[in-house]
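Engineer: Start from the sequences, fold in the hints, and give me the full structure.
In the working numbering, the protein residues as written are 1022 to 1251.
The hints are simulated quantities; they were obtained by calculation from the structure and are not laboratory data.
Incorrect hints may appear among the rest.
Stated by the list, open to error - EDC-like, lysine to aspartate or glutamate: derived pairs with alpha carbons at most 20 Å apart:
id: 1; residue 1: Lys1133; residue 2: Glu1174
id: 2; residue 1: Lys1133; residue 2: Asp1168
id: 3; residue 1: Lys1198; residue 2: Asp1116
id: 4; residue 1: Lys1198; residue 2: Asp1131
id: 5; residue 1: Lys1133; residue 2: Glu1192
id: 6; residue 1: Lys1133; residue 2: Asp1190
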Amino acid sequence: MRSTLSLPVRSVLLAATLLMATITATAQPVDVGSNVQSHRAPAAAAAMSLVLPGLGQRYANGGSWNGAATVFALADVAVWLGLYETVRTRNNRIDTYEALAVSRARADVDGKDRTFFLNLATFRSSDEYLEVQLRNRAWDQLDYVSDPSFQWEWEDEEGFLSFRDLRGDSESLGRRKSALIAALVANRIVSALVAVRAASRSNKNLPASLSLGPPARGGAWPSLSVRVDF
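Structural biologist: Given below as structure tokens:
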């Protein structure tokens, strides 16, 4: 029932190393004059933003964190902090309501799934659960409480209501966790798309460029063209 939040550190470091190697290989400066800027590879910018939102914008902006780079990076940090706090709080709620079920309802919570705890929050005892299933003619549900480990009885209304509130809180926090994970993914996708656009726009603003073409007719060497913008 508890949630865990961990990062594959080795995988991230390996991906970062491969990413930097790709950037080094694909984003070398074109040296045709003292004022020529570096070419920005859109694919490298996208990959960097998928690892860390904002990093692709920084790369496209020549190492500057100004503008969108800072916005995407800070948004990612904020969502990670929110996710950490949500998981921590949810785990505390789960621990609390499981302990309450053991002490106030004499329930065996080991290895139980969400359905068991939902029943504990709905029915005050396994006998009440059985009566409701018989009344509703839900014959396939009658065997659920035949095992003593699936039986319970709340000692008082206070414990029952407290358990129900705690379990409801954990469900809400679980939905918030899913939303925050979706936000992390969305932030990376949007950041990657914006980084690709920024890198492409940066390349269009280069004052000079070199390009190689096929050899001229009858020639043995490839043709070299230079474009200089004034």
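Engineer: All the hints need checking, so say for each whether the structure fits it.
Structural biologist: Status of the hints after comparison with the structure:
no.: 1; hint: Lys1133 to Glu1174; in the structure: holds, 16 Å
no.: 2; hint: Lys1133 to Asp1168; in the structure: holds, 13 Å
no.: 3; hint: Lys1198 to Asp1116; in the structure: holds, 17 Å
no.: 4; hint: Lys1198 to Asp1131; in the structure: violated, 24 Å
no.: 5; hint: Lys1133 to Glu1192; in the structure: holds, 16 Å
no.: 6; hint: Lys1133 to Asp1190; in the structure: holds, 18 Å
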